[in-house]
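Start from the sequences and build out the full structure, keeping to the hints where you can.
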Amino acid sequence: MPKPESPAGVVSSQAVSSMTGFARVSVEVNPQTNYSLTLKSVNHRFLDLHLRLPSAFDALEIELRRILKDQLRRGHIELTLMVDRSAQQRAGYNRELVAAYVEAFQTAAQEFELQGQPDLNVILRMPGVLQAEPRSNGEDAEAISASVLQQIGPLLESLKTMRQREGSALAAVLEATLCRIDEAVQGVAALRPEVEQHYQQRLTERLESAVGPEDSALGINRQRLLEEVALLVERSDVSEEVARMETHIQHFRDVLAAGGETGKKLDFLLQEMNREANTLLSKTAGVAGKGTLITELGLSMKTEIEKAREQIQNLE
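Numbering (my numbering), first residue to last: 75 to 390.
Some hints could be false.
[Stated by the list, open to error] Across the chosen pairs, the derived CB separations fall in these ranges:
no.	residue 1	residue 2	range
1	Asp144	Thr353	21 to 31 Å
2	Gly227	Glu380	24 to 34 Å
3	Glu137	Ala173	43 to 53 Å
4	Val101	Arg327	38 to 48 Å
5	Lys338	Thr366	28 to 38 Å
6	Ser110	Lys143	17 to 27 Å
7	Glu185	Ser129	47 to 57 Å
8	Asp193	Asp132	42 to 52 Å
9	Arg327	Met156	38 to 48 Å
10	Leu198	Gln145	50 to 60 Å
11	Arg126	Leu171	33 to 43 Å
12	Arg349	Glu216	55 to 65 Å
[As the list claims (entries may be wrong)] In silico lysine to aspartate or glutamate, EDC-like type, Cα no more than 16 Å apart, as pairs:
no.	residue 1	residue 2
13	Lys376	Glu346
14	Lys114	Glu231
15	Lys376	Glu320
16	Lys338	Glu384
17	Lys339	Asp328
18	Lys143	Glu346
19	Lys338	Glu380
20	Lys381	Asp341
21	Lys339	Glu384
22	Lys143	Glu177
23	Lys357	Glu314
24	Lys143	Glu249
25	Lys114	Asp158
26	Lys376	Asp256
27	Lys338	Asp328
28	Lys376	Glu257
29	Lys376	Asp341
30	Lys381	Glu231
31	Lys381	Glu249
32	Lys357	Asp341
33	Lys381	Glu346
Hints were generated in silico from the structure; no laboratory data involved.
Predicted model only: the values in this text are computed from it and were never measured.
Ideal Cβ positions, reconstructed from N, Cα and C, are used throughout, including at glycine.
This is the structure:
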(Lines of atoms letter the chains of each structure in order from A and count residues from 1; the text may use other names and numbers.)
(Lines give C-alpha, C1' and ligand atoms only; values in the text may rest on other atoms or scores of the structure.)
Protein backbone atom coordinates (compact mmCIF):
# COMPACT_ATOMS: atom_id res chain seq x y z
CA MET A 1 0.00 0.00 0.00
CA PRO A 2 1.42 3.42 -0.89
CA LYS A 3 2.59 5.58 2.01
CA PRO A 4 1.24 9.13 2.24
CA GLU A 5 3.82 11.80 1.59
CA SER A 6 4.57 14.09 4.54
CA PRO A 7 7.63 15.89 5.91
CA ALA A 8 9.97 13.82 8.06
CA GLY A 9 10.15 14.44 11.79
CA VAL A 10 9.04 13.24 15.20
CA VAL A 11 5.72 14.26 16.64
CA SER A 12 5.90 15.81 20.11
CA SER A 13 4.10 14.10 22.96
CA GLN A 14 2.27 17.38 23.54
CA ALA A 15 -1.23 17.09 22.12
CA VAL A 16 -1.46 20.60 20.70
CA SER A 17 -2.34 20.80 17.01
CA SER A 18 -1.74 23.50 14.47
CA MET A 19 -4.23 24.05 11.66
CA THR A 20 -1.46 23.95 9.05
CA GLY A 21 -0.81 20.62 7.38
CA PHE A 22 -0.36 18.77 4.10
CA ALA A 23 -0.55 15.14 2.99
CA ARG A 24 -0.76 13.42 -0.38
CA VAL A 25 -0.95 9.88 -1.71
CA SER A 26 -0.75 8.47 -5.24
CA VAL A 27 -2.44 5.15 -6.03
CA GLU A 28 -2.57 2.88 -9.06
CA VAL A 29 -5.98 1.21 -9.10
CA ASN A 30 -5.16 -0.88 -12.17
CA PRO A 31 -2.78 -0.63 -15.15
CA GLN A 32 -5.18 1.78 -16.86
CA THR A 33 -6.21 3.91 -13.84
CA ASN A 34 -4.33 5.89 -11.20
CA TYR A 35 -5.18 8.88 -9.00
CA SER A 36 -3.70 11.29 -6.48
CA LEU A 37 -5.50 12.36 -3.29
CA THR A 38 -4.33 15.55 -1.55
CA LEU A 39 -5.27 17.07 1.81
CA LYS A 40 -4.23 20.63 2.63
CA SER A 41 -5.13 22.55 5.79
CA VAL A 42 -4.69 26.18 6.88
CA ASN A 43 -6.12 28.23 9.73
CA HIS A 44 -9.79 29.20 9.93
CA ARG A 45 -12.17 30.13 12.75
CA PHE A 46 -14.34 27.10 12.04
CA LEU A 47 -14.21 23.87 10.01
CA ASP A 48 -14.37 24.95 6.37
CA LEU A 49 -14.40 22.03 3.91
CA HIS A 50 -13.66 22.39 0.20
CA LEU A 51 -13.68 19.18 -1.88
CA ARG A 52 -12.63 19.03 -5.51
CA LEU A 53 -13.62 15.75 -7.17
CA PRO A 54 -14.27 14.82 -10.81
CA SER A 55 -17.82 14.28 -11.98
CA ALA A 56 -19.48 10.92 -11.20
CA PHE A 57 -18.13 10.99 -7.61
CA ASP A 58 -21.08 12.64 -5.83
CA ALA A 59 -21.65 9.71 -3.48
CA LEU A 60 -17.95 9.61 -2.61
CA GLU A 61 -17.97 13.34 -1.81
CA ILE A 62 -20.79 12.91 0.69
CA GLU A 63 -18.93 10.12 2.47
CA LEU A 64 -15.64 12.07 2.51
CA ARG A 65 -17.35 15.10 4.03
CA ARG A 66 -18.75 12.93 6.80
CA ILE A 67 -15.31 11.45 7.56
CA LEU A 68 -13.58 14.85 7.58
CA LYS A 69 -16.18 16.32 9.93
CA ASP A 70 -15.72 13.38 12.31
CA GLN A 71 -11.92 13.67 12.36
CA LEU A 72 -11.22 17.43 12.22
CA ARG A 73 -12.49 20.34 14.32
CA ARG A 74 -11.12 23.57 12.83
CA GLY A 75 -9.31 24.76 9.73
CA HIS A 76 -9.80 25.50 6.05
CA ILE A 77 -9.52 22.01 4.55
CA GLU A 78 -8.99 21.37 0.85
CA LEU A 79 -9.32 17.80 -0.45
CA THR A 80 -8.46 17.24 -4.11
CA LEU A 81 -8.93 14.03 -6.09
CA MET A 82 -7.21 13.94 -9.48
CA VAL A 83 -7.80 10.90 -11.70
CA ASP A 84 -5.38 10.17 -14.56
CA ARG A 85 -7.26 8.65 -17.46
CA SER A 86 -4.58 9.16 -20.10
CA ALA A 87 -4.00 5.41 -20.22
CA GLN A 88 -7.72 4.78 -20.65
CA GLN A 89 -7.91 6.13 -24.16
CA ARG A 90 -7.64 3.86 -27.18
CA ALA A 91 -7.06 4.81 -30.77
CA GLY A 92 -10.06 4.65 -33.07
CA TYR A 93 -11.09 5.81 -36.49
CA ASN A 94 -14.12 7.36 -38.10
CA ARG A 95 -15.49 4.45 -40.16
CA GLU A 96 -17.98 6.55 -42.09
CA LEU A 97 -15.31 9.05 -43.08
CA VAL A 98 -12.88 6.31 -44.21
CA ALA A 99 -15.65 4.65 -46.26
CA ALA A 100 -16.42 7.99 -47.88
CA TYR A 101 -12.75 8.52 -48.85
CA VAL A 102 -12.50 4.98 -50.31
CA GLU A 103 -15.74 5.40 -52.24
CA ALA A 104 -14.59 8.77 -53.59
CA PHE A 105 -11.27 7.21 -54.71
CA GLN A 106 -12.99 4.31 -56.50
CA THR A 107 -15.55 6.61 -58.17
CA ALA A 108 -12.83 8.93 -59.43
CA ALA A 109 -10.73 5.99 -60.68
CA GLN A 110 -13.69 4.52 -62.56
CA GLU A 111 -14.76 7.82 -64.02
CA PHE A 112 -11.33 8.66 -65.38
CA GLU A 113 -10.42 5.04 -66.18
CA LEU A 114 -7.37 5.06 -63.91
CA GLN A 115 -5.67 2.09 -62.29
CA GLY A 116 -4.76 1.97 -58.60
CA GLN A 117 -5.95 1.23 -55.11
CA PRO A 118 -6.57 3.71 -52.29
CA ASP A 119 -3.59 4.15 -49.91
CA LEU A 120 -4.73 3.51 -46.33
CA ASN A 121 -1.75 5.42 -44.90
CA VAL A 122 -2.84 8.50 -46.83
CA ILE A 123 -6.47 8.10 -45.77
CA LEU A 124 -5.56 7.78 -42.07
CA ARG A 125 -3.70 11.09 -42.29
CA MET A 126 -6.80 12.87 -43.52
CA PRO A 127 -8.38 15.33 -41.01
CA GLY A 128 -10.87 13.73 -38.64
CA VAL A 129 -10.14 10.10 -39.56
CA LEU A 130 -8.14 9.08 -36.46
CA GLN A 131 -9.69 9.88 -33.06
CA ALA A 132 -9.29 8.83 -29.44
CA GLU A 133 -12.11 6.83 -27.94
CA PRO A 134 -12.25 7.34 -24.17
CA ARG A 135 -13.68 4.49 -22.20
CA SER A 136 -16.66 5.12 -19.98
CA ASN A 137 -15.85 6.78 -16.59
CA GLY A 138 -18.30 4.45 -14.96
CA GLU A 139 -15.97 1.53 -15.59
CA ASP A 140 -13.52 2.66 -12.88
CA ALA A 141 -15.47 5.17 -10.72
CA GLU A 142 -16.55 2.44 -8.30
CA ALA A 143 -13.03 1.03 -7.98
CA ILE A 144 -11.56 4.51 -7.42
CA SER A 145 -14.19 5.34 -4.78
CA ALA A 146 -13.46 2.15 -2.87
CA SER A 147 -9.72 2.83 -3.01
CA VAL A 148 -10.11 6.45 -1.86
CA LEU A 149 -12.15 5.35 1.16
CA GLN A 150 -9.32 2.99 2.07
CA GLN A 151 -6.71 5.74 1.72
CA ILE A 152 -8.52 8.59 3.48
CA GLY A 153 -7.83 7.15 6.96
CA PRO A 154 -4.02 6.92 6.62
CA LEU A 155 -4.00 10.25 4.78
CA LEU A 156 -5.83 11.96 7.65
CA GLU A 157 -3.37 10.46 10.13
CA SER A 158 -0.51 11.87 8.06
CA LEU A 159 -2.18 15.29 8.07
CA LYS A 160 -2.73 15.12 11.83
CA THR A 161 0.91 14.13 12.34
CA MET A 162 2.07 17.25 10.56
CA ARG A 163 -0.48 19.42 12.38
CA GLN A 164 0.66 18.04 15.74
CA ARG A 165 4.30 18.63 14.85
CA GLU A 166 3.51 22.22 13.87
CA GLY A 167 1.44 22.56 17.06
CA SER A 168 4.35 21.40 19.21
CA ALA A 169 6.60 24.02 17.62
CA LEU A 170 3.97 26.71 18.26
CA ALA A 171 3.58 25.54 21.87
CA ALA A 172 7.33 25.99 22.42
CA VAL A 173 7.17 29.52 21.01
CA LEU A 174 4.16 30.32 23.21
CA GLU A 175 5.89 28.96 26.29
CA ALA A 176 8.90 31.22 25.64
CA THR A 177 6.55 34.20 25.20
CA LEU A 178 4.71 33.27 28.39
CA CYS A 179 8.00 33.19 30.30
CA ARG A 180 8.75 36.76 29.19
CA ILE A 181 5.29 37.89 30.28
CA ASP A 182 5.79 36.16 33.64
CA GLU A 183 9.18 37.87 34.08
CA ALA A 184 7.54 41.24 33.48
CA VAL A 185 4.79 40.44 36.00
CA GLN A 186 7.32 39.41 38.62
CA GLY A 187 9.27 42.58 37.91
CA VAL A 188 6.15 44.65 38.64
CA ALA A 189 5.52 42.65 41.82
CA ALA A 190 9.07 43.35 43.02
CA LEU A 191 8.85 47.08 42.28
CA ARG A 192 5.35 47.59 43.66
CA PRO A 193 6.13 48.17 47.42
CA GLU A 194 8.89 50.67 46.75
CA VAL A 195 6.88 52.51 44.12
CA GLU A 196 3.83 52.72 46.39
CA GLN A 197 5.93 54.08 49.24
CA HIS A 198 7.52 56.66 46.99
CA TYR A 199 4.12 57.60 45.58
CA GLN A 200 2.68 58.06 49.07
CA GLN A 201 5.58 60.26 50.18
CA ARG A 202 5.31 62.34 47.05
CA LEU A 203 1.55 62.85 47.43
CA THR A 204 1.94 63.79 51.10
CA GLU A 205 4.60 66.38 50.28
CA ARG A 206 2.54 67.89 47.48
CA LEU A 207 -0.64 68.13 49.56
CA GLU A 208 1.18 69.60 52.52
CA SER A 209 2.84 72.09 50.24
CA ALA A 210 -0.54 73.01 48.76
CA VAL A 211 -2.41 73.54 52.07
CA GLY A 212 0.48 74.73 54.19
CA PRO A 213 1.12 73.72 57.83
CA GLU A 214 -1.69 72.39 59.99
CA ASP A 215 -3.96 75.29 60.96
CA SER A 216 -7.14 74.74 62.93
CA ALA A 217 -8.50 78.04 61.73
CA LEU A 218 -8.52 76.71 58.16
CA GLY A 219 -9.91 73.38 59.30
CA ILE A 220 -6.88 71.46 58.05
CA ASN A 221 -6.42 68.11 59.79
CA ARG A 222 -3.22 66.15 59.16
CA GLN A 223 -4.86 62.83 59.92
CA ARG A 224 -7.55 63.54 57.35
CA LEU A 225 -4.83 64.51 54.88
CA LEU A 226 -3.03 61.21 55.39
CA GLU A 227 -6.27 59.30 54.92
CA GLU A 228 -6.82 60.97 51.57
CA VAL A 229 -3.27 60.13 50.56
CA ALA A 230 -3.77 56.49 51.57
CA LEU A 231 -6.97 56.35 49.48
CA LEU A 232 -5.18 57.66 46.41
CA VAL A 233 -2.34 55.19 46.92
CA GLU A 234 -4.82 52.32 47.27
CA ARG A 235 -6.46 53.27 44.00
CA SER A 236 -3.06 53.01 42.29
CA ASP A 237 -2.29 49.62 43.86
CA VAL A 238 -1.62 46.98 41.18
CA SER A 239 -1.42 43.95 43.45
CA GLU A 240 -4.76 42.60 42.21
CA GLU A 241 -3.68 42.95 38.58
CA VAL A 242 -0.42 41.14 39.36
CA ALA A 243 -2.29 38.31 41.11
CA ARG A 244 -4.76 37.92 38.24
CA MET A 245 -1.96 37.94 35.67
CA GLU A 246 -0.22 35.14 37.57
CA THR A 247 -3.48 33.16 37.59
CA HIS A 248 -3.99 33.67 33.84
CA ILE A 249 -0.41 32.61 33.09
CA GLN A 250 -0.82 29.37 35.05
CA HIS A 251 -4.18 28.70 33.39
CA PHE A 252 -2.56 29.29 29.99
CA ARG A 253 0.09 26.69 30.77
CA ASP A 254 -2.55 24.22 31.99
CA VAL A 255 -4.54 24.58 28.73
CA LEU A 256 -1.40 24.05 26.65
CA ALA A 257 -0.51 20.94 28.64
CA ALA A 258 -4.03 19.52 28.29
CA GLY A 259 -3.94 19.89 24.48
CA GLY A 260 -7.00 19.32 22.32
CA GLU A 261 -8.91 22.33 21.01
CA THR A 262 -6.85 25.07 22.64
CA GLY A 263 -7.02 27.98 20.21
CA LYS A 264 -10.23 29.67 21.35
CA LYS A 265 -9.50 29.12 25.06
CA LEU A 266 -6.04 30.63 24.80
CA ASP A 267 -7.35 33.57 22.79
CA PHE A 268 -9.83 34.35 25.60
CA LEU A 269 -7.06 34.14 28.23
CA LEU A 270 -4.87 36.51 26.24
CA GLN A 271 -7.74 39.00 26.03
CA GLU A 272 -8.03 38.88 29.82
CA MET A 273 -4.27 39.30 30.23
CA ASN A 274 -4.32 42.29 27.90
CA ARG A 275 -7.12 43.84 29.97
CA GLU A 276 -5.07 43.45 33.16
CA ALA A 277 -2.03 45.01 31.49
CA ASN A 278 -4.12 48.00 30.40
CA THR A 279 -5.47 48.45 33.94
CA LEU A 280 -1.95 48.24 35.35
CA LEU A 281 -0.76 50.93 32.96
CA SER A 282 -3.68 53.23 33.76
CA LYS A 283 -3.03 52.92 37.51
CA THR A 284 0.70 53.68 37.24
CA ALA A 285 0.42 56.52 34.74
CA GLY A 286 2.12 59.63 36.08
CA VAL A 287 3.95 57.83 38.89
CA ALA A 288 7.50 59.13 38.78
CA GLY A 289 10.71 57.39 39.78
CA LYS A 290 10.63 53.63 39.46
CA GLY A 291 7.00 53.89 38.46
CA THR A 292 8.26 54.45 34.93
CA LEU A 293 9.87 51.00 35.13
CA ILE A 294 6.46 49.50 35.87
CA THR A 295 5.09 51.32 32.84
CA GLU A 296 7.86 49.85 30.70
CA LEU A 297 7.12 46.38 32.05
CA GLY A 298 3.41 46.83 31.36
CA LEU A 299 4.12 47.84 27.76
CA SER A 300 6.41 44.82 27.42
CA MET A 301 3.56 42.60 28.60
CA LYS A 302 1.23 44.03 25.96
CA THR A 303 3.85 43.50 23.23
CA GLU A 304 4.34 39.84 24.19
CA ILE A 305 0.59 39.27 24.52
CA GLU A 306 0.07 40.57 20.99
CA LYS A 307 2.79 38.25 19.69
CA ALA A 308 1.11 35.31 21.41
CA ARG A 309 -2.27 36.23 19.91
CA GLU A 310 -0.76 36.13 16.44
CA GLN A 311 0.67 32.66 17.11
CA ILE A 312 -2.47 31.07 18.51
CA GLN A 313 -4.52 32.05 15.45
CA ASN A 314 -3.07 28.88 13.88
CA LEU A 315 -3.86 26.55 16.81
CA GLU A 316 -6.78 24.17 16.49
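Structure-based check of each hint:
no., hint, in the structure
1, Asp144 x Thr353: 21 to 31 Å, "43 Å, violated"
2, Gly227 x Glu380: 24 to 34 Å, "39 Å, violated"
3, Glu137 x Ala173: 43 to 53 Å, "48 Å, holds"
4, Val101 x Arg327: 38 to 48 Å, "43 Å, holds"
5, Lys338 x Thr366: 28 to 38 Å, "36 Å, holds"
6, Ser110 x Lys143: 17 to 27 Å, "23 Å, holds"
7, Glu185 x Ser129: 47 to 57 Å, "50 Å, holds"
8, Asp193 x Asp132: 42 to 52 Å, "49 Å, holds"
9, Arg327 x Met156: 38 to 48 Å, "44 Å, holds"
10, Leu198 x Gln145: 50 to 60 Å, "54 Å, holds"
11, Arg126 x Leu171: 33 to 43 Å, "38 Å, holds"
12, Arg349 x Glu216: 55 to 65 Å, "58 Å, holds"
13, Lys376 x Glu346, "11 Å, holds"
14, Lys114 x Glu231, "13 Å, holds"
15, Lys376 x Glu320, "15 Å, holds"
16, Lys338 x Glu384, "12 Å, holds"
17, Lys339 x Asp328, "11 Å, holds"
18, Lys143 x Glu346, "31 Å, violated"
19, Lys338 x Glu380, "15 Å, holds"
20, Lys381 x Asp341, "12 Å, holds"
21, Lys339 x Glu384, "14 Å, holds"
22, Lys143 x Glu177, "63 Å, violated"
23, Lys357 x Glu314, "11 Å, holds"
24, Lys143 x Glu249, "30 Å, violated"
25, Lys114 x Asp158, "20 Å, violated"
26, Lys376 x Asp256, "12 Å, holds"
27, Lys338 x Asp328, "14 Å, holds"
28, Lys376 x Glu257, "13 Å, holds"
29, Lys376 x Asp341, "14 Å, holds"
30, Lys381 x Glu231, "30 Å, violated"
31, Lys381 x Glu249, "12 Å, holds"
32, Lys357 x Asp341, "25 Å, violated"
33, Lys381 x Glu346, "15 Å, holds"
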